[in-house]
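The primary structure of each chain is shown beneath.
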Amino acid sequence: MRHLISPMDLSVQETEELLLLAERIMDAPKDFSHLCDGKKLATLFFEPSTRTRLSFEAAMLELGGQVLGFSSADSSSAAKGETVSDTARVVSCYADIIAMRHPIEGAAAAAAAKATVPVINAGDGGHHHPTQTLTDLLTIHRWKGGLRNLTVGLCGDLKYGRTVHSLIKAMCRYEGVRFLLVSPPELRVPDYIREDLTAGSFPFQEVERLEDAMDQVDILYMTRVQRERFASEADYLRLKDSYILDTAKMKLAKEDMIVLHPLPRVNEIAPQVDNDPRARYFEQALCGKYVRMALILKLLGLARPSLPEAAAPQPQIIPSLSCGNPKCITAVQPGLPHLFHPVEGNAHLCRCAYCDHTCGGK
Amino acid sequence: MRHLISPMDLSVQETEELLLLAERIMDAPKDFSHLCDGKKLATLFFEPSTRTRLSFEAAMLELGGQVLGFSSADSSSAAKGETVSDTARVVSCYADIIAMRHPIEGAAAAAAAKATVPVINAGDGGHHHPTQTLTDLLTIHRWKGGLRNLTVGLCGDLKYGRTVHSLIKAMCRYEGVRFLLVSPPELRVPDYIREDLTAGSFPFQEVERLEDAMDQVDILYMTRVQRERFASEADYLRLKDSYILDTAKMKLAKEDMIVLHPLPRVNEIAPQVDNDPRARYFEQALCGKYVRMALILKLLGLARPSLPEAAAPQPQIIPSLSCGNPKCITAVQPGLPHLFHPVEGNAHLCRCAYCDHTCGGK
Amino acid sequence: MRHLISPMDLSVQETEELLLLAERIMDAPKDFSHLCDGKKLATLFFEPSTRTRLSFEAAMLELGGQVLGFSSADSSSAAKGETVSDTARVVSCYADIIAMRHPIEGAAAAAAAKATVPVINAGDGGHHHPTQTLTDLLTIHRWKGGLRNLTVGLCGDLKYGRTVHSLIKAMCRYEGVRFLLVSPPELRVPDYIREDLTAGSFPFQEVERLEDAMDQVDILYMTRVQRERFASEADYLRLKDSYILDTAKMKLAKEDMIVLHPLPRVNEIAPQVDNDPRARYFEQALCGKYVRMALILKLLGLARPSLPEAAAPQPQIIPSLSCGNPKCITAVQPGLPHLFHPVEGNAHLCRCAYCDHTCGGK
Chain A
13 MRHLISPMDL
23 SVQETEELLL
33 LAERIMDAPK
43 DFSHLCDGKK
53 LATLFFEPST
63 RTRLSFEAAM
73 LELGGQVLGF
83 SSADSSSAAK
93 GETVSDTARV
103 VSCYADIIAM
113 RHPIEGAAAA
123 AAAKATVPVI
133 NAGDGGHHHP
143 TQTLTDLLTI
153 HRWKGGLRNL
163 TVGLCGDLKY
173 GRTVHSLIKA
183 MCRYEGVRFL
193 LVSPPELRVP
203 DYIREDLTAG
213 SFPFQEVERL
223 EDAMDQVDIL
233 YMTRVQRERF
243 ASEADYLRLK
253 DSYILDTAKM
263 KLAKEDMIVL
273 HPLPRVNEIA
283 PQVDNDPRAR
293 YFEQALCGKY
303 VRMALILKLL
313 GLARPSLPEA
323 AAPQPQIIPS
333 LSCGNPKCIT
343 AVQPGLPHLF
353 HPVEGNAHLC
363 RCAYCDHTCG
373 GK
Chain B
13 MRHLISPMDL
23 SVQETEELLL
33 LAERIMDAPK
43 DFSHLCDGKK
53 LATLFFEPST
63 RTRLSFEAAM
73 LELGGQVLGF
83 SSADSSSAAK
93 GETVSDTARV
103 VSCYADIIAM
113 RHPIEGAAAA
123 AAAKATVPVI
133 NAGDGGHHHP
143 TQTLTDLLTI
153 HRWKGGLRNL
163 TVGLCGDLKY
173 GRTVHSLIKA
183 MCRYEGVRFL
193 LVSPPELRVP
203 DYIREDLTAG
213 SFPFQEVERL
223 EDAMDQVDIL
233 YMTRVQRERF
243 ASEADYLRLK
253 DSYILDTAKM
263 KLAKEDMIVL
273 HPLPRVNEIA
283 PQVDNDPRAR
293 YFEQALCGKY
303 VRMALILKLL
313 GLARPSLPEA
323 AAPQPQIIPS
333 LSCGNPKCIT
343 AVQPGLPHLF
353 HPVEGNAHLC
363 RCAYCDHTCG
373 GK
Chain C
13 MRHLISPMDL
23 SVQETEELLL
33 LAERIMDAPK
43 DFSHLCDGKK
53 LATLFFEPST
63 RTRLSFEAAM
73 LELGGQVLGF
83 SSADSSSAAK
93 GETVSDTARV
103 VSCYADIIAM
113 RHPIEGAAAA
123 AAAKATVPVI
133 NAGDGGHHHP
143 TQTLTDLLTI
153 HRWKGGLRNL
163 TVGLCGDLKY
173 GRTVHSLIKA
183 MCRYEGVRFL
193 LVSPPELRVP
203 DYIREDLTAG
213 SFPFQEVERL
223 EDAMDQVDIL
233 YMTRVQRERF
243 ASEADYLRLK
253 DSYILDTAKM
263 KLAKEDMIVL
273 HPLPRVNEIA
283 PQVDNDPRAR
293 YFEQALCGKY
303 VRMALILKLL
313 GLARPSLPEA
323 AAPQPQIIPS
333 LSCGNPKCIT
343 AVQPGLPHLF
353 HPVEGNAHLC
363 RCAYCDHTCG
373 GK
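Chains as they are written, first to last, in the numbering used here: chain A, 13 to 374; chain B, 13 to 374; chain C, 13 to 374.
Check before you lean on any hint, since a few could be wrong.
Claimed, not checked - One-sided excerpt, in silico: chain C residues whose CB lies under 10 Å from chain A:
no. : residue
1   : Ser67
2   : Glu69
3   : Gly76
4   : Glu295
5   : Ala297
To be verified - EDC-like cross-link-like pairs, simulated, lysine to aspartate or glutamate; straight-line CA separation at most 20 Å:
no. : chain 1 : residue 1 : chain 2 : residue 2
6   : A       : Lys126    : C       : Asp286
7   : C       : Lys156    : C       : Glu295
8   : B       : Lys51     : C       : Asp49
9   : C       : Lys156    : C       : Asp39
10  : B       : Lys126    : A       : Asp49
Said to hold, decoys possible - Output of the computed footprint for chain B on chain A, the stretches with three or more beta carbons under 8 Å from beta carbons of chain B:
no. : region
11  : 64 to 71
12  : 273 to 284
13  : 290 to 300
I should point out that these hints are in silico values taken from the structure, not numbers from a laboratory.
Built from N, CA and C at the ideal position, the CB exists for glycine as well.
Could you build the full structure based on these sequences and the hints that come with them?
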């Protein structure tokens with residue numbers, strides 16, 4: 013049985029197969045409308061996320077399946093002190109597949125460890141949100157005809173944006189990809205991402221103003237910049253307009269450029285841009301549904317080629333070592349065994365099997 | 013594509029066709045039980061309303077369709093600052109039709125402006141609740157055999173009751189209708205309704221005590237009177253019993269009179285009245301389901317005759333004019349264009365395209 | 013029409029038929045997967061209970077039916093002051109069967125009195141939770157091959173545990189059953205249960221330490237002991253480990269013993285026990301789904317033999333007598349008629365028809 017906890021759980025080839033399946037569904041949805049007859053998806057949302065939840069539910073319903081679940085922790089057994097592992101084990105009695113969102117890092121991995129049905133991570137705190145990344149990849153694949161040889165502009169808050177980090181990591185698996193990172197100095201990508209890009213010899217450039225990037229990008233991925241994250245009010249006032257995409261800035265862009273946004277937006281894209289055919293963020297929402305349909309089929313073993321069992325080595329308990337990440341599920345639910353993977357190339361470090369935090373100790 | 017924002021969006025003929033379709037469904041529900049196979053209704057309830065939501069959901073399920081959505085704003089993206097227009101646009105990717113309830117006036121119109129699927133207004137603050145009005149009309153049509161030549165008694169809080177105002181407006185489109193308005197002086201219908209009735213030469217009478225109206229009405233439409241809305245405690249004590257329908261008052265009524273109530277009731281109808289065959293408020297709840305089934309079929313183009321495109325003129329931006337209603341959606345979501353319709357017969361006034369508030373300024 | 017309000021509403025024979033039907037469904041679920049096509053279950057949960065609600069919803073979906081409802085009182089009309097009777101009457105227009113959970117004792121009975129479809133009590137405060145009891149019986153029936161000649165160990169908080177009381181009462185209907193009651197002195201079963209056991213000559217023994225019961229029981233029913241319910245901190249510290257089932261204690265038990273738990277658990281069963289084949293609490297959750305499938309079929313008249321109309325005598329109003337239980341639904345919703353059943357063998361007492369509280373007054 014396979015789960016989807018991180019976007020990197022799928023190999024490049026598996027990702028490609030998934031995207032092709034999603035496009036086949038987009039082109040002929042009726043051929044797929046009964047493949048999940050009699051199947052049930054449980055949407056276990058320990059924190060609200062309407063868009064993601066409705067996208068999963070629409071996906072399952074369009075495959076002929078049914079949906080049950082909850083949309084916030086208030087209506088769940090979590091208040092009674094149950095672990096996510098137990099919840100996932102019990103819900104495995106009621107559903108054929110689980111999509112889970114949880115505010116704590118590593119919660120989806122903890123659920124997968126005990127579930128007897130596939131678990132899809134629909135967001136675990138600041139950690140992973142793999143179906144968003146797959147949605148982004150499908151949108152690019154669909155409207156740019158592939159994932160290679162593209163200049164990807166990412167604009168806004170590149171420091172805290174989980175979505176942005178995952179997309180960079182995912183796009184690095186494709187040849188000829190170049191990044192243009194547009195942000196105020198205080199919201200540049202974290203060092204580890206810059207180091208990864210440098211180490212892998214991926215061409216990238218960091219600029220401060222969106223105007224300076226518009227004419228080069230094939231894809232412009234917009235995100236929100238929150239006022240309170242600027243270093244100073246002066247900086248905010250100087251730069252804020254630069255991070256608002258409007259019709260004037262769109263005039264600078266290539267004719268076949270596409271604009272993406274994970275949504276919801278607040279004011280970082282002017283409503284007038286919606287009418288520009290290059291604005292693809294609503295089609296992106298549609299892609300989110302189709303890629304989830306493909307994913308459900310793959311995880312349930314209802315689409316060829318099947319996903320093979322994950323070859324990942326089993327994580328292990330390391331005597332007297334606990335995960336040091338205070339936001340990790342192991343910090344919140346003490347019953348969980350502390351499990352670790354080795355870190356390649358450094359025998360002294362290991363990586364928490366739930367939240368991926370690197371810990372010393374071997 | 014047609015939406016339903018106000019009860020008056022449907023012409024008299026369209027309303028008649030809708031009610032006849034609803035009655036056909038009531039008489040042979042199985043003939044309609046697969047017409048929405050593969051279709052999805054999104055119930056976007058930004059404020060809770062169990063009865064209305066369940067009625068919509070039951071309607072869609074009985075047509076063979078499926079349902080997704082949310083039942084309160086807490087579980088929605090609204091908290092993240094998304095406009096209802098964007099929410100409606102995105103949900104159009106997940107569903108074939110939307111039923112939306114929102115606490116702000118004009119929210120449904122704002123949603124319809126961007127949605128790519130039909131939007132049904134399931135209540136927008138104190139503004140419209142068209143499916144309640146259609147429910148009332150179907151109940152009358154079903155149990156009185158038509159909508160003409162009826163004396164309609166309306167009892168309770170006639171000042172603040174949106175339901176009552178809409179029903180009066182809707183019944184005024186039928187010949188031979190007469191109104192008996194039963195309320196304490198401080199809770200009489202608003203002036204604009206009294207003026208409309210006078211202007212249209214619709215016979216009406218205002219009385220203070222329900223006992224004085226019982227023997228004349230063909231339909232008695234009960235609503236709740238909240239204690240805090242009386243002008244004084246003395247008034248409340250003097251009048252409160254007069255607005256409670258009990259078996260004694262039922263003895264004064266015609267044998268073929270029917271009692272309606274939008275529900276939920278608190279104590280304005282004594283439980284003993286439930287056993288009187290003239291009590292039709294629970295059948296009214298049933299009618300609510302059937303009229304919503306008919307409406308869904310009509311808006312999805314699945315029932316003949318189809319609804320033609322709305323002929324209403326496009327609303328326009330009027331330079332430097334904003335809607336003056338502080339409860340209007342344009343006051344809450346600043347990104348929305350301020351759109352207006354002209355007011356017939358007065359070139360100096362216009363009407364907000366969202367909340368219908370009359371504004372000066374031309 | 014039959015409802016299920018108390019586990020004792022079903023006769024021994026009806027219970028047996030229900031359990032056999034549930035086992036037939038477990039063995040061949042596909043034979044039952046369309047029996048509820050076109051039917052709808054309403055889950056009216058006035059207080060959250062994820063596990064119970066999802067179990068009901070999964071049950072209805074696996075029968076081919078559909079589900080609507082609400083998962084907490086916040087999203088319901090209760091806030092507007094509607095009685096549960098009216099809610100049940102209206103929801104009868106939208107669904108074919110109702111499962112209701114409510115924090116007030118007797119609420120399910122009040123709903124059943126006005127509903128025009130079968131009502132299943134999914135928990136009414138501290139009063140009844142009959143589908144949990146049926147779940148327990150099915151699990152025992154399935155894994156012990158019957159309900160007779162068994163030694164049932166019940167461990168933990170036996171004073172406040174509604175689940176435990178109902179199970180004892182239910183098991184007393186079968187021959188050769190013996191009870192081992194394991195609890196701290198301050199959390200022993202209430203006197204009325206001890207008296208019932210004595211009066212009926214059911215063999216039972218009360219012990220303080222789980223270790224002393226392990227080798228005798230055929231079934232070990234674990235429940236949680238909350239720290240704040242111990243008489244003193246010293247008592248808690250002395251006894252707490254005794255009520256935690258771990259692998260060491262499992263070594264003392266029979267090879268064919270089974271461990272049950274109503275779930276969610278906190279720490280009263282160590283996670284290592286999950287791997288013991290005698291641990292059956294997750295299969296118990298699965299049984300919960302199947303017994304609810306059987307129950308829905310029985311109450312909808314879709315499974316032979318049908319349940320006959322309940323032969324119970326109609327409850328009556330007794331002039332000037334009100335139920336004395338402050339937690340009874342009649343105390344909270346004043347419109348309800350106060351109805352009573354006679355108490356067998358004592359002409360001076362009667363029993364509230366909603367909450368079963370014994371009241372003087374005849």
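Hint by hint, here is what the structure shows:
1. Taken as an interface hint, serine 67 of chain C checks out: its beta carbon lies about 6 Å from the nearest beta carbon of chain A, inside 10 Å.
2. Below 10 Å, beta-carbon pairs count as interface contacts, and glutamate 69 of chain C has one with chain A at about 4 Å; its hint therefore holds.
3. A least Cβ separation of about 9 Å between glycine 76 of chain C and chain A falls short of the 10 Å threshold, and the interface hint therefore holds.
4. Against a cut-off of 10 Å between C-beta atoms, the interface hint on glutamate 295 of chain C holds, since the closest Cβ of chain A lies about 8 Å away.
5. For alanine 297 of chain C, the shortest C-beta to C-beta distance to chain A is roughly 5 Å, which falls under 10 Å, so the interface hint holds.
6. Only pairs whose Cα atoms come within 20 Å are accepted, and lysine 126 of chain A paired with aspartate 286 of chain C is accepted, the gap being roughly 10 Å.
7. At most 20 Å may separate the alpha-carbon atoms for a hinted pair to count; lysine 156 of chain C and glutamate 295 of chain C meet this at roughly 13 Å.
8. Distance restraint check for lysine 51 of chain B and aspartate 49 of chain C: the Cα-Cα separation of roughly 17 Å lies within the 20 Å cut-off, and the hinted pair is therefore satisfied.
9. A hinted pair counts as satisfied when its Cα atoms are at most 20 Å apart, and lysine 156 of chain C with aspartate 39 of chain C qualifies at roughly 16 Å.
10. Restraint check for lysine 126 of chain B and aspartate 49 of chain A: the C-alpha separation of about 33 Å exceeds 20 Å, so the hint is violated.
11. Note: the region 64 to 71 of chain A has 4 residues with beta-carbon separation from chain B under 8 Å; the three-residue rule is met and the coverage holds.
12. Taking a C-beta to C-beta cut-off of 8 Å, the region 273 to 284 of chain A contributes 6 residues in contact with chain B, enough for the three needed, and the coverage statement holds.
13. For the region 290 to 300 of chain A, the stated coverage by chain B holds: 4 residues have a C-beta nearer than 8 Å to a C-beta of that chain, and at least 3 were required.
Hint 10 from the earlier list is the only one contradicted by this structure; the remaining hints agree with it.
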